[in-house]
Each structure stands twice: as structure tokens, then as C-alpha cells.
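Read off the chains here:
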Amino acid sequence: MISTKAMIGKDVVLGHHIVIESGVTIGDRVRIGHHSVILQNTVIGDDVSIGNGSFLGCQPFKNSKVIHHITDQKGLVIGKGSSIGNGTVIYAGSQLGEDVMVGDLASIREQTNIGHSTVVGRNAKVECRTEIGNQCVIQTGAYITADMIIEDNVFIGPEASTSNDKYMEPTKVPLKGPHIKKGARIGNNATLLPGIVIGENAIIGAGAIVTKDVADGMTVKGVAAK
Amino acid sequence: MISTKAMIGKDVVLGHHIVIESGVTIGDRVRIGHHSVILQNTVIGDDVSIGNGSFLGCQPFKNSKVIHHITDQKGLVIGKGSSIGNGTVIYAGSQLGEDVMVGDLASIREQTNIGHSTVVGRNAKVECRTEIGNQCVIQTGAYITADMIIEDNVFIGPEASTSNDKYMEPTKVPLKGPHIKKGARIGNNATLLPGIVIGENAIIGAGAIVTKDVADGMTVKGVAAK
Amino acid sequence: MISTKAMIGKDVVLGHHIVIESGVTIGDRVRIGHHSVILQNTVIGDDVSIGNGSFLGCQPFKNSKVIHHITDQKGLVIGKGSSIGNGTVIYAGSQLGEDVMVGDLASIREQTNIGHSTVVGRNAKVECRTEIGNQCVIQTGAYITADMIIEDNVFIGPEASTSNDKYMEPTKVPLKGPHIKKGARIGNNATLLPGIVIGENAIIGAGAIVTKDVADGMTVKGVAAK
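Chains P, R and S, in that order, give the protein sequences.
Mapping the first sequence onto our numbering, position 7 (from 1) lands on 7, and the numbers just tick up by one.
Mapping the second sequence onto our numbering, position 64 (from 1) lands on 64, and the numbers just tick up by one.
Mapping the third sequence onto our numbering, position 66 (from 1) lands on 66, and the numbers just tick up by one.
Rather than coming from a laboratory, the hints here were simulated on the basis of the structure.
We treat Cβ as the ideally placed atom computed from N, Cα and C, and that holds for glycine.
Take these hints with a grain of salt, some might be off.
[What the hints assert, rightly or not] Chain R side only, calculated, beta carbon under 10 angstroms to chain P, not exhaustive:
no., residue
1, V13
2, S49
3, N63
4, S82
5, I84
6, T118
7, N123
8, Q139
9, A160
10, N189
[As the list claims (entries may be wrong)] Derived EDC-like pairs (lysine to aspartate or glutamate); straight-line CA-CA distance at most 16 angstroms:
no., chain 1, residue 1, chain 2, residue 2
11, P, K181, P, D147
12, P, K226, S, D216
13, R, K226, P, D216
14, P, K62, R, D47
15, S, K182, R, E169
16, S, K62, P, E98
17, S, K226, R, D213
18, P, K182, P, E151
19, P, K182, S, E169
Make the full structure from the sequences, and use the hints.
Here it is in C-alpha cells:
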């Protein structure tokens with residue numbers, strides 16, 4: 001189903017059972033696999049490639065525990081030349097730069113901005129209101145919490161985990177994720193606590209639990225098994 | 001494809017390429033996104049909202065290593081006013097209460113009961129025969145093993161991990177997941193061993209490895225990186 | 001959409017909205033759920049069961065950060081009697097043996113071989129060029145990196161994490177994942193560093209950070225929370 005109110009560019013290749021809703025703009029030479037769904041007002045740049053079964057431009061939903069979700073986000077924007085995998089879920093109200101790659105089964109929530117040439121790995125989860133710079137690699141399965149800042153050229157290892165909720169219960173303290181500065185590298189399955197700052201070019205070892213700020217250029221490690 | 005043997009309520013909004021099989025009951029004012037599949041005998045309450053590409057009422061499958069899976073589960077029940085995200089997989093034989101929220105790409109297996117107003121986060125994985133209480137938050141990517149009990153008002157942080165298999169090989173010892181009592185809070189990426197009891201209102205720090213019972217109200221923490 | 005250039009066996013059961021592309025071979029008595037997509041040149045053995053919304057035979061994609069991906073892989077092969085869950089993503093250029101089970105929302109990349117009767121759990125992620133033996137269990141959510149060897153009868157616990165990239169930045173050092181020998185068992189949420197060898201029948205405790213080789217039959221554990 002392709003809405004008559006969508007704008008489709010030149011030389012676009014579309015798979016079977018695709019849904020393109022009204023207000024969508026699809027650039028030239030875009031390729032979309034089977035079963036993908038492009039929801040209202042999404043803007044897809046030229047030369048973007050989208051896999052099978054991806055859902056782009058989704059609105060947040062909620063229940064009585066998460067009443068703050070704003071379920072009327074504006075359109076998603078995907079920059080020129082980006083690649084989106086299979087089975088991804090990307091929300092309206094976010095913006096991906098040019099040459100971004102999003103792996104299979106990854107999800108990205110609303111109000112998030114991702115710079116150019118950044119990789120969001122397979123099964124990675126990026127929450128809302130997070131800023132991610134250029135040329136970053138967010139590896140497979142990593143968890144990027146809400147209200148977090150990731151500067152340029154950061155490497156986040158597979159399955160690394162972050163959080164933004166110090167008290168793990170409703171409080172008046174605003175939620176705040178980690179701030180990871182330029183060029184920092186986080187090992188696989190590391191655990192970062194809320195609100196900490198990881199300095200420029202700092203290195204966090206695999207599996208480390210990081211409870212406080214790490215200065216520029218420092219290396220911290222967890223305790224190895226015996 | 002909507003089976004003539006399904007019962008569809010009033011003012012239901014259905015997307016494109018939906019499959020609704022025989023014996024399904026859909027309540028009033030239910031909304032279902034594109035490409036979702038509602039399998040045999042699933043019962044969906046009034047005012048439920050379902051995203052795109054979700055598969056509800058799936059049967060377990062198996063190979064010669066997991067021969068105990070029962071592949072003929074009865075219908076799934078989803079309570080009134082619940083919200084189910086995009087790309088979720090929820091099995092037959094389970095029951096979700098009212099006002100439950102299930103995030104994108106989450107999965108819930110058979111014979112699991114979830115109380116009212118509980119959140120099962122994006123990419124969370126809930127195994128079979130587990131009981132989850134009311135008003136719990138199971139955060140993004142958390143792993144809830146089989147044969148586990150989670151009481152009311154529990155918070156499970158992002159990417160927290162549980163297990164039920166002490167010997168990691170076939171034995172005569174029955175599998176047993178952790179028992180997490182009322183109001184306990186588990187930090188992100190914590191690791192819980194099989195069969196342990198986390199007491200009421202206990203707090204488990206981010207990244208902690210919990211090998212034995214934790215008393216009511218106690219706090220335990222892992223070792224921070226250096 | 002079933003291509004006229006696909007070969008479909010006897011007594012095959014197909015769901016709605018299925019796509020089967022050209023050059024695909026489907027064995028006898030295969031069952032495929034709704035919305036699944038079988039891409040070019042995939043070969044599916046007799047008695048294979050595939051869930052809903054699975055994408056089989058996908059090609060890798062890339063951006064300027066991951067230019068080494070080879071996006072013209074040959075067909076995927078799935079052995080006789082295997083079970084593939086719902087919402088899975090499996091790439092072309094890989095081979096699954098007989099009686100393999102792949103859980104819901106799991107993904108397997110190109111150039112990977114998986115032996116017979118092995119389980120790849122729900123949400124597990126298996127990267128490219130990895131060899132996995134017979135009768136292994138890769139539990140729910142585990143992360144199996146690229147260029148890794150897993151011998152027969154290995155157990156990898158839920159959410160266990162591996163890596164192959166010691167320097168977490170582009171270097172001339174080849175990437176190398178862990179080598180896990182016969183019968184070894186890895187606890188849930190354990191962290192394995194690049195290139196280490198886990199000996200035969202070794203046991204790695206839940207949550208352990210393993211930074212160096214573990215000898216045959218040895219047990220290593222992480223530090224429990226206090």
C-alpha cells in the first residue's frame with residue numbers, strides 16, 4: 001500500500017507488501033526490502049537502503065507507569081546514503097545523519113539525533129532524547145539510555161549497558177545518562193552508572209562497573225575472574 | 001486475512017497486511033498496526049493498542065535438545081487497555097493483565113502471567129512459567145528466565161540477567177529462577193544466580209553478581225572498576 | 001509472492017503474505033508461518049519449520065565505517081528438521097546443520113557454520129565467520145562475536161558476551177574471537193575478552209570477566225556482590 005500522498009523519487013526499488021503512508025518523502029535510488037513500513041511524514045534521503053521488515057517513523061506508546069511519553073512526534077528523518085537493516089524499529093521525532101548504518105533488529109526512540117557515518121549495531125537499543133556524534137560505533141546489543149550524550153568517534157562495545165535512573169524509582173531528580181566524550185572506548189558488557197562523565201580518549205575495560213567520572217585519557221578495568 | 005471465525009469488536013482500527021486467525025476475539029476500540037499477526041484463539045481486551053509487525057499467540061517450537069517444550073498451548077489473553085509495541089513475539093498459553101505495556105522487539109513465552117500496569121521493556125525477554133506481579137518495571141533488554149517469581153512493584157534495570165540452571169547441563173535438579181520480592185530494585189546489567197531470593201525492598205547495585213540470598217531491605221553492590 | 005523460479009517440495013504449508021524469491025529450494029513437509037521472507041538461492045531442507053516474520057538469506061549491508069562487508073554472499077542452507085522461530089534474521093553465505101533450533105528474534109550473520117542439533121536461543125546474536133559445533137546451547141540473548149570457534153557440546157549462558165577487538169579501534173591486528181573447547185560451560189552474563197581459549201569442560205561462573213586462557217577442566221568465578 002503506497003499512499004497517493006507520498007512523494008517517491010526516481011529509480012526507487014520496492015519489495016513486496018510494503019506500506020508507505022501519507023506525507024512520506026522517499027529520495028532517489030532508495031531501495032526498500034519486503035514487508036517494510038514507512039509511517040507518516042518520514043523523510044528518507046537519496047541512496048538510502050532499507051532491509052526487510054523494518055518499521056520507520058513509529059509513535060511512542062504508553063501505559064499508566066510511563067505517562068510522560070509524548071505520542072505525537074513529528075516525522076523521522078534519515079540522511080542520504082544511510083543503510084537500515086532488517087527488523088529495525090525507529091521512531092518519529094528523531095534524525096539520522098548521512099551514511100549512518102543501523103543493524104538488524106536495532107531500535108531507536110524519539111527525539112534522538114545521530115551524526116553522520118555512525119554505526120548503531122544489530123540489536124542495539126537507543127533510548128529517547130539522546131545525542132550521538134559522528135563516526136561512532138555502537139556495537140551489537142549495546143544499551144544506550146535516554147538523556148545521554150555520546151560525542152564523536154566513540155566506540156561502545158557489544159552488550160555494554162548504561163543507565164540514567166540513580167534511584168530506580170520515581171523521584172524529583174531528573175533522569176541523566178552518562179556523558180561519553182570524544183574518542184572514548186567502552187569495552188564489551190561494561191556497566192555505566194547514571195550521570196557519570198567518561199573523559200576524552202578514556203578506555204573502559206570489558207565488563208567493568210563504572211560508578212564515577214573517568215578523567216581524559218585514563219584507563220579503568222574491572223576485576224578479572226579467578 | 002481476517003478469519004470469518006474471528007470475533008471483531010466495535011470501532012476497531014486495523015492496518016494493512018494483518019492476519020487474524022480463527023477463534024480470535026478482538027475487543028472494542030482495539031488498534032492494530034500494519035503487518036501484525038494474531039494467531040488462533042488469542043483474546044485481546046477492549047482498548048488494547050498493538051504496533052506493527054507483532055506476532056501474538058505463537059506456539060513453542062523445539063529440536064532434540066529442548067524436547068520438553070509443549071507445542072500445543074491454549075490461547076494468549078491480553079488485558080484491557082494494554083499497549084503492545086512493534087516487532088514483539090508473545091506466545092500462546094500466557095496471560096497479560098490490564099494496562100500492561102510491552103516494548104518493541106520484546107518476547108514473552110508460554111505459561112507466563114503478568115499482572116496489571118506492569119512494563120516489559122523493549123527487547124526484554126521473558127521465559128516460560130514465570131509469574132510477574134503488578135506495577136513492575138522490567139527495563140529494556142532485561143532477561144527474565146523461566147520458573148521465576150517477581151512480586152509487585154519490582155524494578156529490574158536494563159540488561160539485568162537471571163538464570164535458572166545451576167549446573168548448565170542436563171541434571172535431575174529442577175530448574176529454578178530467582179524469587180524477587182515486593183519492591184526490590186535490581187540495577188542495570190546485574191547478574192542473578194539460580195534459585196536465590198531477593199528480599200523485599202532490597203537494592204542490587206548495577207553490574208553486581210548476586211550468588212546468594214539478599215535479606216529484606218539490604219543493599220548489595222559489585223566491585224567498581226579501577 | 002512465490003517466484004516461479006523457486007522449487008517447492010511436497011506437502012508444504014505456507015502462511016499468508018509470504019515472499020519466496022527466485023532460486024530458492026524448499027524441501028518436503030516444510031512449514032512457514034505468516035509474513036516470512038525467503039530470499040534468493042536459500043535452500044531449506046525437508047521437515048524444517050519456520051515461524052512468522054523471519055527473514056532468511058539476507059545480504060550484508062554497510063556504510064563508510066564497515067567497508068569490509070561483502071554484500072554478495074551465496075545462498076543460505078538450513079538443514080533437515082531444523083526449527084526457526086519468529087522474527088529471526090539469518091544471512092546468506094551461512095550453513096545450519098540438521099535439527100538446529102533458532103529462537104525468536106535471533107540473528108546469524110554470513111559465513112557462519114552451525115553444527116547439528118545446536119540451539120541458538122532467542123535474541124542471540126551470532127556474528128560472521130564463526131564456527132559453532134554440534135549439540136551446543138547458545139542461550140537467550142548471548143552475543144557470539146565474529147571470528148570465533150565454539151566446539152561441540154558447549155553451553156553459553158544467557159546474555160554472555162564475547163569480543164574480538166582488543167584495541168577497540170582500527171589496527172592491523174586481525175580480529176580474533178574466543179575459542180571455546182568441547183564441553184565448556186559459560187555462565188550467564190559472563191564477559192569474554194578477545195582471543196582467549198576456554199579449555200575443554202572448563203566452567204566460567206556467571207558474570208565473570210575472563211581476561212586470559214582457562215585450562216581444561218578449570219573453574220573460574222567473578223567477584224560476588226557484598
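Tested hints:
1. V13: Check failed: Cβ of R:V13 comes no nearer than 13 angstroms to chain P, outside 10 angstroms.
2. S49: At about 6 angstroms, which falls below the 10 angstroms cut-off, the nearest Cβ of chain P leaves the hint on R:S49 intact, so it holds.
3. N63: violated (22 angstroms)
4. S82: holds (7 angstroms)
5. I84: holds (8 angstroms)
6. T118: holds (8 angstroms)
7. N123: With a minimum Cβ separation of about 5 angstroms from chain P (threshold 10 angstroms), the hint on R:N123 holds.
8. Q139: holds (8 angstroms)
9. A160: At about 9 angstroms, which falls below the 10 angstroms cut-off, the nearest Cβ of chain P leaves the hint on R:A160 intact, so it holds.
10. N189: At about 4 angstroms, which falls below the 10 angstroms cut-off, the nearest Cβ of chain P leaves the hint on R:N189 intact, so it holds.
11. P:K181 / P:D147: Answer holds: P:K181 to P:D147 is near 15 angstroms, not above 16 angstroms.
12. P:K226 / S:D216: holds (14 angstroms)
13. R:K226 / P:D216: holds (14 angstroms)
14. P:K62 / R:D47: It holds: about 13 angstroms lies between the C-alpha atoms, which stays within 16 angstroms.
15. S:K182 / R:E169: holds (13 angstroms)
16. S:K62 / P:E98: With Cα atoms ~13 angstroms apart, S:K62 and P:E98 stay inside 16 angstroms; holds.
17. S:K226 / R:D213: holds (11 angstroms)
18. P:K182 / P:E151: Cα-Cα ~5 angstroms, so holds.
19. P:K182 / S:E169: Between P:K182 and S:E169 the Cα gap is close to 13 angstroms, so the pair holds against 16 angstroms.
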